[in-house]
Structure formats: structure tokens, C-alpha cells
Amino acid sequence: MIAFLLQSGIPFRPEAASTSGAHLDKLFYFLTGLSFLLCVLIFGTLVYFAVRYRRRPHGSVPPVILQSIPLEIVWTVIPIIINVVIFLWAANLFFRDAEPPIGSTEIFVVGKQWMWHLQHAEGQREINELHIPVNVPIKLIMTSQDVIHDFFVPAFREKKDVVPGRYTLEWFQPTKIGRYHLFCAQYCGTLHSGMIGWVYVMSQKDYAEWMYRNRPSESAAGVGQRLFAKLACNNCHQTNRSGSGPPLTGAFGSVATLQNGERREVDEGFIHQIILNPTTLPVAGYPQVMPSFRGEVSEEEILEIIAYIKSMGQEQPQPVAEGNQ
Amino acid sequence: MSTAVVERPLYNPVNYLNVKHTLKSWLLTTDHKRIALLYLGSITMLFFVGGFAAMLMRLNLLEPAGAIVHPETYNKLFTMHGIVMVWFFLIPSIPTTLGNFLIPIMVGARDLAFPKLNLLSWYIFIFGSAFTLYALVSGGVDTGWTFYTPLSSLYVTTHVMAAAAGVFITGFSSILTGLNFIVTVHKMRAPGMTWFRLPLFVWSMYATSVIFVLATPVLAITLLLIGLERGLHVGIFDPALGGDPILFQHLFWFYSHPAVYIMILPGMGVVSELVAAFSRKRVFGYKAIGFSSMAIALFGFFVWGHHMFVSGQSVYAGMVFSALSFAVAIPSAIKVFNWTATLYKGSISFDAPMLYALGFIGLFTIGGLTGLFLAALSVDVHVHDTYFVIAHFHYIMVGGAVMAYLGGIHFWWPKITGKLYPDVWARLAAVIIFVGFNLTFFPQYLLGYLGMPRRYAMYPAEFQMLNVMSTAGASILGLGYLLPLVYLIWSLRYGPDAGPNPFLATGLEWEETQSPPTTHNFEEIPVVTQDAYAYENMGIPNV
Chain A
30 MIAFLLQSGI PFRPEAASTS GAHLDKLFYF LTGLSFLLCV LIFGTLVYFA VRYRRRPHGS
90 VPPVILQSIP LEIVWTVIPI IINVVIFLWA ANLFFRDAEP PIGSTEIFVV GKQWMWHLQH
150 AEGQREINEL HIPVNVPIKL IMTSQDVIHD FFVPAFREKK DVVPGRYTLE WFQPTKIGRY
210 HLFCAQYCGT LHSGMIGWVY VMSQKDYAEW MYRNRPSESA AGVGQRLFAK LACNNCHQTN
270 RSGSGPPLTG AFGSVATLQN GERREVDEGF IHQIILNPTT LPVAGYPQVM PSFRGEVSEE
330 EILEIIAYIK SMGQEQPQPV AEGNQ
Chain B
10 MSTAVVERPL YNPVNYLNVK HTLKSWLLTT DHKRIALLYL GSITMLFFVG GFAAMLMRLN
70 LLEPAGAIVH PETYNKLFTM HGIVMVWFFL IPSIPTTLGN FLIPIMVGAR DLAFPKLNLL
130 SWYIFIFGSA FTLYALVSGG VDTGWTFYTP LSSLYVTTHV MAAAAGVFIT GFSSILTGLN
190 FIVTVHKMRA PGMTWFRLPL FVWSMYATSV IFVLATPVLA ITLLLIGLER GLHVGIFDPA
250 LGGDPILFQH LFWFYSHPAV YIMILPGMGV VSELVAAFSR KRVFGYKAIG FSSMAIALFG
310 FFVWGHHMFV SGQSVYAGMV FSALSFAVAI PSAIKVFNWT ATLYKGSISF DAPMLYALGF
370 IGLFTIGGLT GLFLAALSVD VHVHDTYFVI AHFHYIMVGG AVMAYLGGIH FWWPKITGKL
430 YPDVWARLAA VIIFVGFNLT FFPQYLLGYL GMPRRYAMYP AEFQMLNVMS TAGASILGLG
490 YLLPLVYLIW SLRYGPDAGP NPFLATGLEW EETQSPPTTH NFEEIPVVTQ DAYAYENMGI
550 PNV
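Top to bottom, those sequences are chains A and B.
Quick note on our numbering: the first sequence kicks off at 30 and runs consecutively.
Quick note on our numbering: the second sequence kicks off at 10 and runs consecutively.
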């Protein structure tokens, strides 16, 4: 029976192609086995009682059995123990994989009805396709231009909502070269089921070649630098402290103090918010003169400006990512 | 719980059904039993509307590119299926029909505490359904039943306002029904009907009513906020206006997770009655089952965040919601064990209602166990928003709630109508529904694990085989649902008279009223002198 099912062509197991995939599958099979066992025990008892105590002609009146406190305790405590084990196992995996490793390759993702826009840090852009190297942790910095989407790669056992107005992070480390489905898993309107694509996991060498073949004239940070000048950000955010805004060299990753004394880490979400809603993040020591750029910059452009701000204080942005070759 | 102090009155040929025949006497009735029938007719119609949408969806999924409709239509179909089935069938199903009919009789009262309010509930329900049906026939809604923002508040151009207004209005009908039940159980119990002599069905309806009253207003507020943003551009959920789209999910699930228990708790109450009646035994662990209903109602309010593990909510919030979700599974497991233990040394017969009850226990167990997969954080990351979730909640909602509803309708049908239905057909239907259900929804667990997302009008070709299996099962299931409609209506005219207690069951409704009951249920209010389910005094019906 099982052999027949396995040969029937019906797939039973999605491909597992990431580091977390293997761990997750172990837990999944444990849960499946446990459920199967509990079903056998419960249904077995149910069927046994139903048959053994079926009504018979001239049967006697069943005895009065009110309750059994020891039994109630046993079948309360055993499920509690089982649940605690599952909770700890799953929460441990979840917690361990919550933060991407430092030094992950960063890729920007913008979801919009109904396509995926992706951009590599070196500037390569893709639509509904993502090319990544094998055995390297990949960190997606994601936002949406319209409604909520969800970046789901079944083979990596990972998904995360892509929410307008904020950044969400997703990361994975592919372990197998191949082509895998990318689905939008959060219902996003008419062509939700068309918002699909492919993730190509490539060998390091193929990836480097692909990156070189598709190299853009500028890196993401380079484009961001031009935008920074075009939008006249540099009028206020000068490299010395002479502007009316704070200098941004080394600002990314630092801690900003707000006028109410609250301290906030300057991360992608902080910069996003301050570009679109500057009055909500008044930084201490500076006048409130920054205008909102809502409607003037797209989500992709904000990500490029962020890439530029990140690069400030590191080395100058490379015009072309030739180092990859 | 029998023991009338007076001699049992003779059969009264005038009962609540034939006391008056005019349309007006139905539309202006304050008799809880007639109102139950008004609801039964309304929700049965709505069930087939929602079922029809499901059938079209399953047909469309026969082919990867979509066999019959455009994705836009498909989206409207699943939205309509969800809205109708959740708010206009499952939530009102058992409470407004069996609850309305039975609660006053089970506690030994002549009616609910507020009969006119009860009629008002039905009118509000009909008014709300009219809004929603208008939205559906005038072009449809494509937000999904969950109305997630900012899609629902800013992006779609369909009749969101009308559909939301329908759900908003219908919510008040739920609140009034819950209020009515709570007051009735507190204030209208017959002499001697102590809390721990109440049938477990009443306990479960009491727990359900508490959720009705506490949770439904939150839904009303949430829908109102969508209206404010959509109509007046007040920034609540839209980030461009300074709002937060995730806030909507918190508010929505704060109602909608407890609503899941509104759907399943009444079913658990029905099953407790059925298991006792058809094993001729007291329910094992009466208090454990009663208190677990209350525990479910309480814990149910603190697990909403498990719908949002991948929404970007904090890792720590996720862990707390996961732990609480595992906690809410415990009282459900306790119920399953107690029902199973009730069978021990019983005298078990397999009448149609019992087949539904056994089916319920099996399917609810599978649905509950797969709920553990979803409560487990890292597993949920993979299967969230896939067909795994669809399969899980259909095992609870359809395998659980609908099976219990049908079991209850079959059990109390002779009481409600005074007629017997053909038992062979009823058993056949129960088996067909069980088989069709499993064939429809089990393949969806596999689809979900393989990664097929929900709400997809089109899908990659490798998922086709399992989708075809599911659609085949749905055809069998659909047939199974049509059968009771036919033979139950048939029985109204041709069924033999049932007599007051054809199943020889305990309870005031069986022992102290005729079938169908008279308008005031009891000639004299009974005095209760013993516990529920005193089957040891009832003997055993002939085999």
C-alpha cells in the first residue's frame, strides 16, 4: 500500500534545500508520527469499546460510572507533557533562526501587486526571479509598495509577510543547487496566484558569473548616492556638522536619541520612517525642518538610499561590482 | 432528571407547530421553538449558498490554470464561501437552532428570558444576511473573509462596505442571542435544576454565549474602523496615513479566534448528549467536560497571535502565543478522553445521531492534533497560509461543528417535528458524509506540506493529482449533504409519529414534553430531583 502510494507519482515531501529545512522536517515527522500514534490509541479504544459494548438483545443496564479523578489527572498531565516538549522543540528552532547571521548577503525585496522586485546589493535587479549562491546565508530586507504580501519558498521552509510601511526580515541558507518555487502566501488581490516565481540556487562560480553577466552600471548604493544628491538630502545632511540635519557618516547601526529621551537604533526601518514621516522621529539636538518625501520616492529608491547611507563610513560605493569576478 | 410531581398530562393535539397557521403567526412569533425553526430555514439556505461557492472552487481547481473561472471570480467565490459559512452558517448554526429550541426546555422554562429580543435577533440576522447577499449578487467581494487591510480598506473596488455592514449588523444578533441565553440559564432554571444538574449542552451553550457577548463587539469596532478608513480616509490601518496594517490583524483575530470556539463549543455540547444517550450511560467526567468548556472559552481569548507568527510580530510575542495555544489544546483533549471513557461498559447503539457523534470525535481529534503542528512556531512558518491550514480548520469546522450540528438535528428532529425519519437513509448519509469529508480534506494536508498556498486560483502542475482527489471527495460530500435535506423534508409528511421519547433518552425535553411540544413546553414547571443522564433508571430500548 505504502509502496504503491510512493510510486503513484503523488509527491509526499517537498524538496528540502536549506539548513532550516532539514531541522524542521525532523520535527514535522516527529509530530506526524506522534499524531499517528495518538490516533491509533484513541481510535483503537473508541472502536474497541464501540464493538465490545455494542447493544445486545436482553443486555443489562449499564453501570453508573461517574468519574475517576486519577484518570482525569493522567489524561491531563500526559498531554501537558507532550505539548511542553513540542512547544520547546519548535520554539527553540524558531528562536535560533530568528536573527540572520552577521555578514549575510543582503537582498532587497519589494512586493507589489502582483510581482516581486528584487535587488542585489551590487545593483542587479530581478523580477519574479532570485539568483543566489549555495551555502551562503541570504538575508532579505522586504517591504511592500501596496498591500501585504508574503515571501514563501517551500523548499527553504521559510515564509514571512511583506508589509507596507515597514521592513520585515527573512533569511535562509540554501544547501542544494536547483530551482525552487517562490510563492506569495498572503492573499493580495486579483492575481495573487500569479505572484509566483523561481529561486535559483547556484554554485559559487555560476553565481559569480551570473552576477558579472548582469552587472549594472551602478551598485544600489551608487544609485542611492545620486538620489541623495538629486533629492537635495545633502543640503542638510553634510559630512561635517554644519548642516541643519545630522551627518550620516557612520550613522547606520548607531543609536539615536529622540527629543523625548527615547533611544532608538538607526536601522533600515528607522531610516524608512524618517524619510516618509520625519515628524514621528524627532532626533534630539536638531531643528524639525525635514520635509516628508512621501510620494516623491518609491520603495525601491528608499532601499537604494538606505544602501548608500549604510555605505557611508565604510569604503566609498563601488561603481561596478567587479570584485566579484 | 425526570420525576414530574404531577401525573404526566395526556397528549395535547395542539402543539407549537399547529397552534396557528398564518404567516403572521410565524413572523411575529415569540415562541423560542418557532424562532428556532425560522433560523433553521434561513441558515440551511445560506449553507447551500456557501456550499455552492465551495463546489465551484473545487471544480475550478481541477486544472492548474483554473478550469472554469477567472481568478477574479475565484477570489470572489472563496470570499463568499468564507463569509457565508463563518458568519451566516457556522456561528449561528447550533446556538440559534438547537440552542433556541432546547435551552428553555432543558432548564425547565416556558421560553427564553427575553422572547421579543429573541425574535429581534432573527430579524437582525435576516437584515444582515440581506446586506451580505446583496454584496454577493451585485458583483461580489474579493477581500477574503478576513478583510485584511490595507487590501480591504484601500485597494479593492468591490462591495466591501456592504459585505462588512452585513457582518457588522449580524453581530448584534449574536450578542442578543448570547445575552438571552446567559440570563435564561442564570434566572430561569426550574426548581431543583442546579448548575451541576444542567445537561452539558447547556454548559457549552453558556460558554459560547459568554464569547458571543465579549468578543463580537470587537469585531463590530474593527469593521467600523475599516469603514472609517475606506469612507472617510481616517488613517488607522494604512501606513501612508500613519496607520498600521498589522493592528487590523490583532483586532480581527481577537474576535475571530474566540469565534472558532463559538463554532466548536456547541458541537461539543451536542456530542456529550449523543454519546450518553446512545451508550445508555451517564457522561463520564461531567464536571471535567463542563469546566473544560469554560476553560476553552477563557483561554480562547488569549491565543489570537498564533494567526500572526509570520506577520513580523515580535519573536517573544510569538513564543507567548504559541505556549498559550498549546494550553488551549488541553481542555479539548480532556473532552475527547471523557467521551471515549463514557463508552466503557455502555450499551452502544449505532443510530444515525451516534454515527455523527463518533465521526465528530474522530475528525475533531485529527483536526486537534494538526492544530498542534500549527501552534508549533517553526512548523507554522512553513505551513501557515497553505492548504495545511485549510485542512486543519475544515476538520474542526466541518468535520467537527457540522457533523455535530447534523447529529443534533437528527437526534432532536423527532422532538422538533414529532416525526421519525428513515434511519437507514440517515445512517447512509452519515457514512457518505464521513467518507466524502476525508477524501476532500485529507489530501489538503499533503498539499499544504508540499507548499501549495491557500487562495490560489491557479497552481503549479505538480499539485494537480491531489487537487483532483480533493474535488472528487467534495462531490461525494456534496451528495451527502443533499440526502438529509431530502429525507428530513420527506419525513415531515410521510414519517411515522415519533412519540414523546423515541430514543428513550433522559432530559426534560424528552421526559416532560410531548413531540412536538406545546407552545408553553410544560403543563406545569417540572421539579428536578436528580442529575442529568440518569440512564440507569431508563432501561434500554429494544434492539
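Rather than coming from a laboratory, the hints here were simulated on the basis of the structure.
Incorrect hints may appear among the rest.
[Unchecked claim] Stretch-level coverage of chain A by chain B, calculated; a stretch enters the list once three of its residues show a Cβ under 8 Å from a Cβ in chain B:
# : stretch
1 : 208–215
2 : 293–299
[Said to hold, decoys possible] Output of the computed footprint for chain B on chain A, the stretches with three or more beta carbons under 8 Å from beta carbons of chain B:
# : stretch
3 : 218–228
4 : 233–247
5 : 262–269
6 : 275–281
7 : 328–338
No residue lacks a Cβ here, since even glycine has one placed at the ideal position from N, Cα and C.
query: Of the hints given before, which are not true for this structure?
result: 2, 4, 5, 6 and 7
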